[in-house]
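Let the hints inform the model, and build the full structure from the sequences given.
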Amino acid sequence: MMANVAKSEKDLAAEEVGRAVAKLQTGVLTLVFALISGLGLFLMTVWLLIRSGKRVGLHLQLLGNYFPGYSVTWAGSVIGFFYAAVVGGFVGWSIGTIYNRIVVFRQRS
Amino acid sequence: MSHAVVIGGGPAGLTAAYELSKLGVGSTVLEADRQVGGLSRTVNYRGYRFDIGGHRFFTKVPLINDLWHEILGEDFMLRSRMSRIHYRGRFFDYPLKATNALAGLGPVEAFIVGLSFTKAKLFPQAEETNLEQWVANRFGHRLYEIFFKTYTEKVWGIPCTEISADWAAQRIKNLSLPEALRNALFSTMKSKNGDIITSLIDQFNYPRLGPGMMWERCEELLKERGNETMRGIKIETVRHRHGRVECIYGRTQEGECVELGGDHFISTMPLRSLIRALTPTAPDEVLEAANTLRYRDYLTVVLIAKREKIFPDNWIYIHSPEVKMGRIQNYKNWSPHMVPDPARTSLGLEYFLWDKDDEWQWSQDRLVELGIKECSQIGLIERDEVEDGTVVRMKKAYPVYDQNYQNSLAIVRRYLETFENLQTVGRNGLHRYNNQDHSMLTAVYAARNVAGESNDVWAVNTEQEYHEEKRSETVATTVPGTNGDRMTPRRLTPDELIEAAFARIDPVALGTSVGVVGGVGLFVATIILLFKGGEVVGPTLSLLNNYLIGFNVSWTGSFIGLAEATGGGFVIGYLFASLRNLGMDAYAWLLQRRAQRDLLEKV
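In order, the protein sequences belong to chains A and B.
Numbering-wise (our numbering), the first sequence opens with residue 1 and increments by one.
Numbering-wise (our numbering), the second sequence opens with residue 1001 and increments by one.
Heads up, none of these hints are tricks.
Mimicking DSS-like on lysine-lysine, the simulated pairs with C-alpha atoms at most 27 Å apart in a straight line are:
#, chain 1, residue 1, chain 2, residue 2
1, B, K1324, B, K1306
2, B, K1119, A, K23
3, A, K23, B, K1121
If you are wondering where the hints come from, they were derived from the structure by calculation, not from laboratory data.
This one's a predicted model, so the numbers in the text were calculated from it and none came from an experiment.
Right under this line is the structure:
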């Protein structure tokens, strides 16, 4: 019973703050995805290099299939940063754009 | 029949008189100069016609467009526009185009511009009261320094940090990166829904013999309808009693005194001068406020060069800090009829000054010499090509938007509104940096008020419809209730802030977008490996079949992966949005409980 009361109060609160649907800031999303992806791959590569070993980063190395020139080396970490930033940025931009378009479409319909 | 007195024979004053004549109200127009047209007049020097600044006739107000065609008829020409920015020896397209600007700046400068833009987007300045802050927050500090600072400071004569953000909000279109990229990649400008945007940028209307032709024709039409225009009358006193203006005293250039009474008065003269002319004197507070309103003066040095073509632009903005001139007009490119000899070109070099500046007092010869020197300095013409030159001075050409003007203007406006038969219109009459069309619209409204309507001339909105890139609209440009003050970014109301803070993320939309990106991403990743080939293709990516049943790095597998990753992505996006919304609801509920508790405690 208490749970039901609490739920209806919650719903009431939700109604009171309005039913506005947020739009994603595509530019910000692009930048955030780009930075996280770029820095992520950079740090992952650098981490493996610091740990070192005979065969460094066998699996991460496979990203070279998609990013020509990328390898688990110091130069590769910088190259990887740019590649990952571009791909990440594109993913962020795509998610933001598709989301915003669908929101507009759903609001119209 | 009632009679109106119109102070000023510029676009606003003559439009007011013209509209009054249509409404059956007689009027007398008083113009201080020997020529009508005000800032929009055309000066004739030995057959060479020139404009005081460039006046493109474009408008999004159908009423004004109709008026122009009605007055000028066949003498209205459609002209192509070209304008560029000159900065440190290079030319940049204006309006700015991303590819052209970045190519012109070079890779190193372009990189710095990019970094500066990113910084501005990530860490914008919290305060946005002056022009520098407004522009730097939107374009980055580096672009601000290259394309805004020097020219703006030349035009206004004060540091950008002292210019109110209003001006920027009113005159500068915000930068949309996707739009800039779209424009850079596709030559035809299209709006998001596919309509081709009306190209106000590329073409404009222009009277065959310059803008003054419009106003001389307007004066003729007024005369035909029995309305007088008196030229060379300087207003000295505006006499009023019991909240009504009774008569105006002016002086001719020959020194004779003129007295003119009327039922209605429409003034386009600068507000500062109007307040000073009021007799009995306005209250001290109003006088003080009016005295703080400032105006930028401006002079044109006209050079006549014996060369058929100098540059293809209508005008060029001179951002280069090493020269004083701010803009160069090539009158021949506005209309070929502006020059009597096609083998010659007349250039108008525009200098923005205060009337207290030394250059304002310089002789004509000295100013012409300065113009020749600066033109050859930036490589436009050689000294020996210049045959002749002259100078035209224009006082109070631009109302200045400094940090104090809004308060002063509000005081002056409140006081003027106490007069029941006095209205102020036009650029200087409203102390608003309007273009010709908006100035004219205020005059039309004022004239209609005389005939019994009740329009708020201050409400002619200059923000919503100014930017040329927007599509032509058929709606009126007034926003009721805004009183024309919505020129700065408006502060959100508490309700809007709450709504924005608690806005829900649409789970279906987020699910779909994450799903599509995930599915397509895996599909592309798979087929890249398939195209690369090899003995064993993609053993590592194939490990995803631990989660995606039936997936492997094969053509069939790529489609299975597409479908499953799309579904999986949808679920992830949907769940993320739903959980986030649930969290926000819970937080809102918590806040509400706290508010209720606080209220109960107070009770």
